[in-house]
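Chemist: Listed below, chain by chain, are the residues.
2 protein chains.
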Amino acid sequence: MDHSKLGSNSLVILCSHTSTTAETVEAAKFAREKGALTISLTNEEGAPLAQASDVYPKYEWNEGKAHAFTTNYSILYQLVFGVLKVVENNENAILVESGLEQLQNIYEKAASQYHHKAVEFGQQYGNEKIIYTMASGANYGVAYSFAICILMELQWIHSHAIHAGKYFHGPFEIDDEETPFIILLGLDETRPLEERALSFSKRYGKRLIVIDEKDFDFTGVADEVKGYFGPLVLNYVLRKYAEQLAESRNHPLTTRRYMWKVEY
Amino acid sequence: MDHSKLGSNSLVILCSHTSTTAETVEAAKFAREKGALTISLTNEEGAPLAQASDVYPKYEWNEGKAHAFTTNYSILYQLVFGVLKVVENNENAILVESGLEQLQNIYEKAASQYHHKAVEFGQQYGNEKIIYTMASGANYGVAYSFAICILMELQWIHSHAIHAGKYFHGPFEIDDEETPFIILLGLDETRPLEERALSFSKRYGKRLIVIDEKDFDFTGVADEVKGYFGPLVLNYVLRKYAEQLAESRNHPLTTRRYMWKVEY
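Residue numbers (this note's numbering), protein chains in the order written: chain W, 86 to 349; chain P, 86 to 349.
So here's chain W without its partners, still in its complex pose:
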């Protein structure tokens, strides 16, 4: 691997829920040896990753019931905007922080707003063998983690997060009246890519699950930083979809066949 730019001017941010992921601990040690400042987010302050890092802010989780302001995404956002404030005098840091204080309210409103749709999703798609996700920009990560961590890992449903900008490079040929696509629309400058892909999908596909961040209630978040909050809320709403899917399929989200069970 090429780490030629990693050194005493580097900041390395890592994360491991249990603070025990071997590769992450190794990465922290490696970065620290190179002189980088290592910050590791974890739910277990006393464990190996924390010991291998310079700073190790603890985030809350409590089985998903912790207050949003204290959770991993919130801490990561505070960290990133704190760095941007120092490095480039970014003025959004304070807006992001006050927005994060409203995040729990926003989550709860969105969960309530999408409850019926989540239940419907679980009922309608419980028997699928494959479900694609599609997004771009800030939401691509949300689409990707839903595809690999929720659908593939937790539900054993085949999936692939299609980048909306790459949909027309080939994947759109798979789109038909039977194949389900979860299509995410965000608020950033790549939205036109998502809209173009959605518009095509609507012409030839019939089984589209569309979630549009424009429909979320972001009260309490300044317009300047709303775009950053979209993926967080989307992720929260999609977790509700996942829970309903798991229930409808009688395949709890805690089910694993390999992870933490066998060696790998």
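Warning: the hint list may mix true and false statements.
When the alpha-carbon atoms are kept at most 30 Å apart in a straight line, the in silico BS3-like pairs for lysine-lysine are as follows [unchecked claim]:
1. W/K251 to P/K251
2. P/K251 to W/K143
3. W/K170 to P/K90
4. W/K150 to P/K311
5. P/K214 to W/K90
6. P/K114 to W/K325
7. W/K251 to P/K90
8. W/K251 to P/K150
9. W/K90 to P/K170
10. P/K194 to W/K251
11. P/K346 to W/K287
12. W/K251 to P/K119
Covered by chain W, according to a simulated footprint, are these stretches of chain P (three or more residues, beta-carbon under 8 Å) [as the list claims (entries may be wrong)]:
13. 251 to 258
14. 334 to 343
What the hints contain is simulated information worked out from the structure, not anything from laboratory work.
Since this is a predicted model, take the numbers as computed values, not measurements.
Using N, Cα and C, we set each Cβ at its ideal position, and we do this for glycine too.
Could you slot chain P onto chain W? The hints should help.
Modeler: Just chain P now, with coordinates in the frame of chain W:
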């Protein structure tokens, strides 16, 4: 989009076979307006992309029958190593060029070596609804384009190119005795990731198609640059697999339902 670093010190390399892809033509114009040097590889020198670019080397294709030295990958490699030679006095440029002169021979030997395996692949996997691909490093692009352009676009088979380094982040839970995985092994420093994923797949999966670049005959290519030739040969071999799959499914590689047929 953020193009803050695009300017008169930039080199932008583009490619469009027909030289007509609207987005690529737009990108060339945009980059040129910013002062960048634009080089566009194309099979049609007279068409829009060439007109919008500073330099437009023509590559040969001839329905896949052109001599390898004159094709797009070869020209791209010559271009990239030429730039590296100027920028950092990279000494591999000459080794790459003489290796490329042997590429056609290498392709033909590999095609012959893998002919029976390609036929077998077509016969055994012709009825699949989903086939995953997996690789890392220099081969990830090969796995990706086989997934989205061959399987999804040309064969309407569901797919997803799993990065071997991300396999254990979730996708491995989908691995079972029924699900086919095409697993690629390369020669670069990420090979241990591919080997680890393959080793796990062998324990729990039963339908693995493994292609290892170590088995290719690279006679005529210097050791120092062999790693760069792996993905080219792999791509060539996989095209043979694709042809056999198409034949076995009676679904020619020229079949499209949307691309070039409807507006998008």
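Chemist: Evaluate each hint against the coordinates.
Modeler: Do the hints match the structure? See the list:
A hinted pair counts as satisfied when its Cα atoms are at most 30 Å apart, and W/K251 with P/K251 qualifies at roughly 20 Å. With a C-alpha separation of about 25 Å, the suggested pair P/K251 and W/K143 falls inside the 30 Å cut-off, and the hint holds. Note on W/K170 and P/K90: the hinted pairing holds, with a Cα-Cα distance of about 21 Å set against a maximum of 30 Å. The hinted pair formed by W/K150 and P/K311 fails the criterion: a straight-line CA distance of about 53 Å is larger than 30 Å.
Under the criterion of a C-alpha separation no larger than 30 Å, the hint pairing P/K214 with W/K90 is inconsistent with the structure, at around 44 Å. For the given pair, P/K114 sits about 45 Å from W/K325 by alpha-carbon distance, which is inconsistent with the 30 Å threshold. Note on W/K251 and P/K90: the hinted pairing holds, with a Cα-Cα distance of about 24 Å set against a maximum of 30 Å. Only pairs whose Cα atoms come within 30 Å are accepted, and W/K251 paired with P/K150 is accepted, the gap being roughly 28 Å.
With a C-alpha separation of about 21 Å, the suggested pairing of W/K90 with P/K170 holds against the 30 Å cut-off. At roughly 33 Å between alpha-carbon atoms, P/K194 and W/K251 are farther apart than 30 Å, so this suggested pair is violated. Taking the CA atoms of P/K346 and W/K287, the gap is about 17 Å. The hint holds against a cut of 30 Å. For the given pair, W/K251 sits about 25 Å from P/K119 by alpha-carbon distance, which is consistent with the 30 Å threshold.
Only residues whose beta carbon comes within less than 8 Å of a beta carbon in chain W count, and the region 251 to 258 of chain P has 7; three or more means the coverage holds. Three residues within the 8 Å Cβ limit are the bar, and the region 334 to 343 of chain P against chain W gives 3, so the coverage statement holds.
Taken one by one, the earlier hints fail for this structure at numbers 4, 5, 6, 10, listed in ascending order.
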